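So the sequence shown is numbered by the UniProt record's numbering: it starts at 1 and just counts up by one.
Be aware that a few hints might be false.
Claimed, not checked - Pairwise CB distance ranges, derived in the manner of DEER restraints:
| # | residue 1 | residue 2 | range |
| --- | --- | --- | --- |
| 1 | Phe99 | Phe17 | 24 to 34 Å |
| 2 | Pro237 | Ile2 | 48 to 58 Å |
| 3 | Phe211 | Ser135 | 27 to 37 Å |
| 4 | Tyr11 | Ser116 | 33 to 43 Å |
| 5 | Lys196 | Ile41 | 48 to 58 Å |
Read the hints as simulated data drawn from the structure, not as lab findings.
What you are looking at is a predicted structure, and each value in this text was computed from that prediction instead of being measured.
Don't be surprised by glycine CBs; every beta carbon is placed ideally from N, CA and C.
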Amino acid sequence: MIIIDELPFRYVEHEGFKRFMARVCPMFVLPSRQTVREDCIKVFFENIELLKDYFKTKCLGMVSLTTDTWTSLSNLNYMCITAHFIGRDWKLHKRIINFVQVTKHYGSEIGKQLASCLVEWGIRKVFCITMDNASVNDVVAIYMKEQLKEWGSDILDGKYLQMRCVAHIINLAVKDGLKETGKSVERVRDSVKWVKSTPARSRKFKDCIEFEKIASKKFVSLDVATRWNSTYLMLEPAKPFEKAFQTLARNDKKFKKHLNEKNMEMKVLVSRLLMIGLVWDG
Numbered sequence: 001m002i003i004i005d006e007l008p009f010r011y012v013e014h015e016g017f018k019r020f021m022a023r024v025c026p027m028f029v030l031p032s033r034q035t036v037r038e039d040c041i042k043v044f045f046e047n048i049e050l051l052k053d054y055f056k057t058k059c060l061g062m063v064s065l066t067t068d069t070w071t072s073l074s075n076l077n078y079m080c081i082t083a084h085f086i087g088r089d090w091k092l093h094k095r096i097i098n099f100v101q102v103t104k105h106y107g108s109e110i111g112k113q114l115a116s117c118l119v120e121w122g123i124r125k126v127f128c129i130t131m132d133n134a135s136v137n138d139v140v141a142i143y144m145k146e147q148l149k150e151w152g153s154d155i156l157d158g159k160y161l162q163m164r165c166v167a168h169i170i171n172l173a174v175k176d177g178l179k180e181t182g183k184s185v186e187r188v189r190d191s192v193k194w195v196k197s198t199p200a201r202s203r204k205f206k207d208c209i210e211f212e213k214i215a216s217k218k219f220v221s222l223d224v225a226t227r228w229n230s231t232y233l234m235l236e237p238a239k240p241f242e243k244a245f246q247t248l249a250r251n252d253k254k255f256k257k258h259l260n261e262k263n264m265e266m267k268v269l270v271s272r273l274l275m276i277g278l279v280w281d282g
């Protein structure tokens, strides 16, 4: 239950859970959170060994990998590796096989971590590796091609080993397209950021919405740089609130970054993004 529902270890010490278990099974002695932690770690390592054994002795097909690297807010570099494979039940399975901190976003460093991970898990038959469309990953692909050749498990001389992430390519394409209306998007982003920066500002903006009698169940939200569709999700709810932003600008002298006439371009821009989204979802 703790693992499946991703509950904190201290959940077993919550008063409500204690009362529930006392009613369901009065004879059951609840473990401490330390005991629950130790049990979860034990289950974790047991499943690691089972999965390693599966890859080494029972995995009949090829394994494909996806990698993702990013830098945290504390300026630490991380990499996540996920294995994708067809099980004996003929269903697609995926397992995170590594989550590690890397010193630099260098291709050689990422390649070494990737190869080391495959050795640890006993994975030799790699079909393809899906990575972001970044130049550093070209170096990773070259490194892994040579590594798989040494292992004698490369396919077609590694011609199809590197797969470029479609979502990342679309994100780059949309970001490039948004440069044409970048100032308008930036004004919307700054306006939303200002409104959501404090509870008091959010309350004042909601008062403007009520004053303008705008009927919308949605509220403004900020986008994320690595997710192009989040820009659409920021712009689309902002359209009905244009008058509310204008009212806020009149009532609050500190609010300078308000929507102006140029932001009417948002209607066309949102439509274009929506069309891309429909194609992507399809």
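Taking the hints in turn, this is what the structure says about them:
| no. | hint | verdict |
| --- | --- | --- |
| 1 | Phe99 to Phe17: 24 to 34 Å | holds (29 Å) |
| 2 | Pro237 to Ile2: 48 to 58 Å | violated (37 Å) |
| 3 | Phe211 to Ser135: 27 to 37 Å | violated (51 Å) |
| 4 | Tyr11 to Ser116: 33 to 43 Å | holds (35 Å) |
| 5 | Lys196 to Ile41: 48 to 58 Å | violated (39 Å) |
Checked against the numbered hints above, the structure breaks hints 2, 3 and 5 and satisfies the rest.
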